[in-house]
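Asker: The chain contents come next:
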Amino acid sequence: MAKVVERVGDSFADRIYVPAILAGLKITTRHFFRNLFGQKETVTIAYPEVKIPYSPRWRGQHRLLKRDDGEPRCVACFMCSTACPADCIHIVAGEHDDQGREKFPVRFEIDELRCIYCGMCEEACPCDAIRMDTGLHAAPVYNREAAWVRKDQLLARNGRDYAVRADAEGPPCAVSSK
Amino acid sequence: MSELLIETEDGDLDSAPMNLQMGPSHPAMHGTIKMRLKLDGEIVQRSDIEVGYLHRGFEKSCESVTWTQVLPYTDRLNYVSPLCNNVGYCMAVEKLIGVTATERCQYIRTIMAETSRIGDHLTCVGASAMELGAFTAFLYAIEAREELWRLTEAVTGARLTHSYCRIGGLKDDLPLDFEASYRVVEKKVRSLIYDIRALLDTNRIFLDRMKDIGCISAERALSLGFTGPCLRSTGHDYDVRKYAPYMIYDRLDFEVPVGVKGDNYDRYLVRLEEVDQSLRMIDQCFKQIPAGPINVDDGRLVLPAKDEVYHSIEGTIAHFKLIMDGIKVPPGEVYSYTEAGNGELGFYLISTGEGRPYKCRVRPPCWALMQGVAEMVEGYQIADIVPTFGSINMIGGECDR
Chain A
525 MAKVVERVGD SFADRIYVPA ILAGLKITTR HFFRNLFGQK ETVTIAYPEV
575 KIPYSPRWRG QHRLLKRDDG EPRCVACFMC STACPADCIH IVAGEHDDQG
625 REKFPVRFEI DELRCIYCGM CEEACPCDAI RMDTGLHAAP VYNREAAWVR
675 KDQLLARNGR DYAVRADAEG PPCAVSSK
Chain B
235 MSELLIETED GDLDSAPMNL QMGPSHPAMH GTIKMRLKLD GEIVQRSDIE
285 VGYLHRGFEK SCESVTWTQV LPYTDRLNYV SPLCNNVGYC MAVEKLIGVT
335 ATERCQYIRT IMAETSRIGD HLTCVGASAM ELGAFTAFLY AIEAREELWR
385 LTEAVTGARL THSYCRIGGL KDDLPLDFEA SYRVVEKKVR SLIYDIRALL
435 DTNRIFLDRM KDIGCISAER ALSLGFTGPC LRSTGHDYDV RKYAPYMIYD
485 RLDFEVPVGV KGDNYDRYLV RLEEVDQSLR MIDQCFKQIP AGPINVDDGR
535 LVLPAKDEVY HSIEGTIAHF KLIMDGIKVP PGEVYSYTEA GNGELGFYLI
585 STGEGRPYKC RVRPPCWALM QGVAEMVEGY QIADIVPTFG SINMIGGECD
635 R
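Line by line, the protein sequences give chains A and B.
Heads up, the final residue of the first sequence is numbered 702 in my numbering, and it's a clean run with no missing numbers.
Heads up, the final residue of the second sequence is numbered 635 in my numbering, and it's a clean run with no missing numbers.
Isolated chain B, as found in the complex:
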């Protein structure tokens, strides 16, 4: 013990650096992650991030199932906003096949993906606030998310693992009363977000933990491959929905919120502002959404209508062929990227022309974010890891795949 204590020049007792293992099962390390910290008192000198505790072999598993059967796996990537993943995957496969989803389908996908994004941001903001002791804000965020999940359940049939999109379309159209029930939910969500902001925005305890903590510069963030709210908080306005508009995002009027410093507070503000923008987008979608089919008119991709299957031999044969052989995706490779809750979610697919993916590589936004965590926590106090790591919104399912 005595050799660890070094007397410094000013007479203070200083101690040798201490190694601390934070995680993998630690309440603040959501999604099982381990940080090996070298501490000088309370200050983090060096940190080493260990990921991979939630590795399930997503990419390998995809190679043994049909293109449609990959969909439930994608639900479990970023399990806080599964619909964004559904949309991203279906768009990648459709790009490889060379089809475009119908107008109505694209609008529905946008509405659902944005709903999912709101849920994602609310969970992140609520959970980070809770970790700083603001439990009330967490309850309000979860209350709002619960409303959104109930709405999503009415559309997709599940609260969390939706498996809603299909290659070339969707599982179901929106329910008839969807817009009416959305309006009720929207009102609640807006008022709850107002309350969350009123509780947190100017609360000194919250601000002292968030402001100027976990800073990263725009240059450094870009070179690490940051995307999504974490990059935008540094002041860079990269948003896939603006830079490479997919689906119908070019027809929607929305702004990309950016931060100034890239600290925790900016990430918090950017996320909440994005929720507002998402609500705006959904509003516009409801105004623009056309009637029409939700599935592309291609019997090689989409299961025939049940009526045809029940009453015609052609329908039955098409149905059986499509389920037994899977969708035949032409040989080739494609990279398709969309804006998911945490940033650019990319799918790199290779097909050899059989009914199964030859390779399905995911570019998870969290993976890039995790590379920046080490330098975002170094130099700050050990307690600052909690809000920094919380505002990154690392999702284990997506990062470790």
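The following block holds chain A by itself, in its conformation from the complex:
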């Protein structure tokens, strides 16, 4: 069951160190030339000119989705702010003029400094109104105010062009009520 590891390095060749230097140089030289000439194999990239594409599931900053009529899909049910472990989503609900709509978020604000990008808000949303598929990093800001993202900013953000949830055809609230 147990496998005893093999301790090496006590031979005369190892003690005089020269073979180890040569063996080491061989490896580093191989890597050096591979990085120099093998365009595909190069480990480093010229960031920020070149960026490694994120995987489709990568969670970036949030965005709010819109209905067909351009208004937010969000129905201000507070599920995301309830599920949020970092307590970073702040919603003020308002009554909508349209009787079919009932509620909508008057204010919807996310404190991106508190956000831990765990994705629980996405998971908790019952009408696919919040997503984290913008591909945006947590950006450095000069003051705290700038990290406080408001509803219109969240609505203006665009997602990357693949569906996050392929399992559902979309919530009913995505369709205009009129």
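No lab work stands behind these hints, which were simulated from the structure alone.
Check the hints yourself; a few may be wrong.
What the hints assert, rightly or not - Pairs of lysine to aspartate or glutamate residues, derived as DMTMM-like cross-links and limited to a Cα-Cα distance of at most 25 Å, are as follows:
#1 LYS562(B) / GLU647(A)
#2 LYS564(A) / GLU337(B)
#3 LYS575(A) / GLU387(B)
#4 LYS564(A) / ASP435(B)
#5 LYS527(A) / ASP484(B)
#6 LYS527(A) / ASP471(B)
#7 LYS555(B) / GLU626(A)
#8 LYS421(B) / GLU380(B)
#9 LYS445(B) / GLU565(A)
#10 LYS550(A) / ASP510(B)
#11 LYS521(B) / GLU337(B)
#12 LYS422(B) / GLU530(A)
#13 LYS421(B) / ASP611(A)
#14 LYS422(B) / GLU647(A)
#15 LYS555(B) / ASP538(A)
#16 LYS527(A) / ASP435(B)
#17 LYS550(A) / ASP538(A)
#18 LYS593(B) / ASP611(A)
Add chain B to chain A, keeping to what the hints say.
Answerer: Frame of chain A; chain B shown alone:
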């Protein structure tokens, strides 16, 4: 000054012991830790370890959030292998509830936890090598880890703070092309590990700093509560995956690497050998993994499918209830332990039947390891602290919680 110099019998000048504060912000004291050293020249006479600089109140914080919301906290315990912690925590809660994750879920959890473990060991080996001046080996280790992290990102959606497991299942299934992309990564990781070993294994500079330094006996290690690679390096073969197999580890064929002397070199070798074993385990998982659901079929634990939430009132109600009240874990207490990157990671949970943990105590492997550090550095030179402490792989987030 003059009274500090004592002339010894053989005419040498000897000095009174010097007290040195090493850390908490010292490049070699990763994860902010302080050592108070009493030095006789270069030799460490006595050392006093001060931990707790990274204490965030993990256990207390857990008491004010729902059982699911604890998951992001567990990511930040051992932040080098977060998936092992995710799995450990979810298994503890599931044990308390009395459910078992589905077959497919267990395989996916194993694959992800082993991937995470490889990353953990590579970071440890690479960082310890770097601290001894072998910067190339560090770069190769980090290159391999980067590949693994990109793979994990494709599955979990984050590079470091994954929050991937859920109580009763997982956040998502594996992506369709996962095995194909894993094979590419595996090839790279294997070749990089080969290079790291070729650079370090027989390199005299590395060996002179690692061999017979920081020794600890199996008996002493056991009595201090050592687990994981540090215990195994002393020759004891305790591995939770073998001694108390959880998930599907009893179906996997793997060996537990053990060392001989319990010195730094053994710890280095055991870690690299474990990486090999982990790769072997993942291979077997891919052969055995069945199709099927990833979440248990229990509406009290798992959020309903989005389709149900969008289109049925029952689904919506279940969804709202589960998020507002949290998972109702029956009253009771449980200790559940898994093998994390550094050893036995235990969760001792108490539930009073409300939606929140009453107590969530973590048994971090590093905490026990830290108790042995003092005697592992005493009697050696001050420069030997660096490889010894590096090979222990103390992770502040886990040790100090």
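Asker: Below or equal to 25 Å on CA atoms is what counts here, so check LYS527(A) against ASP435(B).
Answerer: 18 Å, holds
Asker: Given the hinted pair LYS555(B) and GLU626(A), is their Cα-Cα distance within 25 Å?
Answerer: 21 Å, holds
Asker: With the threshold set at 25 Å, check whether the alpha-carbon distance from LYS564(A) to ASP435(B) stays at or below it.
Answerer: Violated, at about 29 Å.
Asker: What's the verdict on LYS575(A) and GLU387(B), does the C-alpha distance respect the 25 Å limit or exceed it?
Answerer: Judged against 25 Å, a Cα distance of about 15 Å means the pair holds.
Asker: Taken at face value, is the distance from the CA of GLU647(A) to the CA of LYS422(B) at most 25 Å?
Answerer: 34 Å, violated
Asker: Straight-line Cα separation of LYS521(B) and GLU337(B) no greater than 25 Å?
Answerer: 13 Å, holds
Asker: For a C-alpha distance cap of 25 Å, please report whether LYS445(B) and GLU565(A) respect it.
Answerer: Roughly 35 Å separates the two Cα atoms, so the pair is violated.
Asker: Between the alpha carbons of LYS550(A) and ASP510(B), is the straight-line distance 25 Å or under?
Answerer: 24 Å, holds
Asker: Measure nothing beyond the straight line between the CA atoms of LYS421(B) and ASP611(A); if it is 25 Å or shorter, mark the hint as holding.
Answerer: This hinted pair is violated, its Cα atoms lying about 42 Å apart.
Asker: What's the verdict on LYS562(B) and GLU647(A), does the C-alpha distance respect the 25 Å limit or exceed it?
Answerer: Holds, at roughly 19 Å.
Asker: Given the proposed pairing of LYS564(A) with GLU337(B), does the C-alpha separation stay at or below 25 Å?
Answerer: Outside the cut-off at roughly 38 Å; violated.
Asker: Does GLU530(A) lie within 25 Å of LYS422(B) when you go C-alpha to C-alpha?
Answerer: Holds, because 24 Å separates the two Cα atoms, which is no more than 25 Å.
Checked against the numbered hints above, the structure breaks hints 2, 4, 9, 13, 14, 15 and satisfies the rest.
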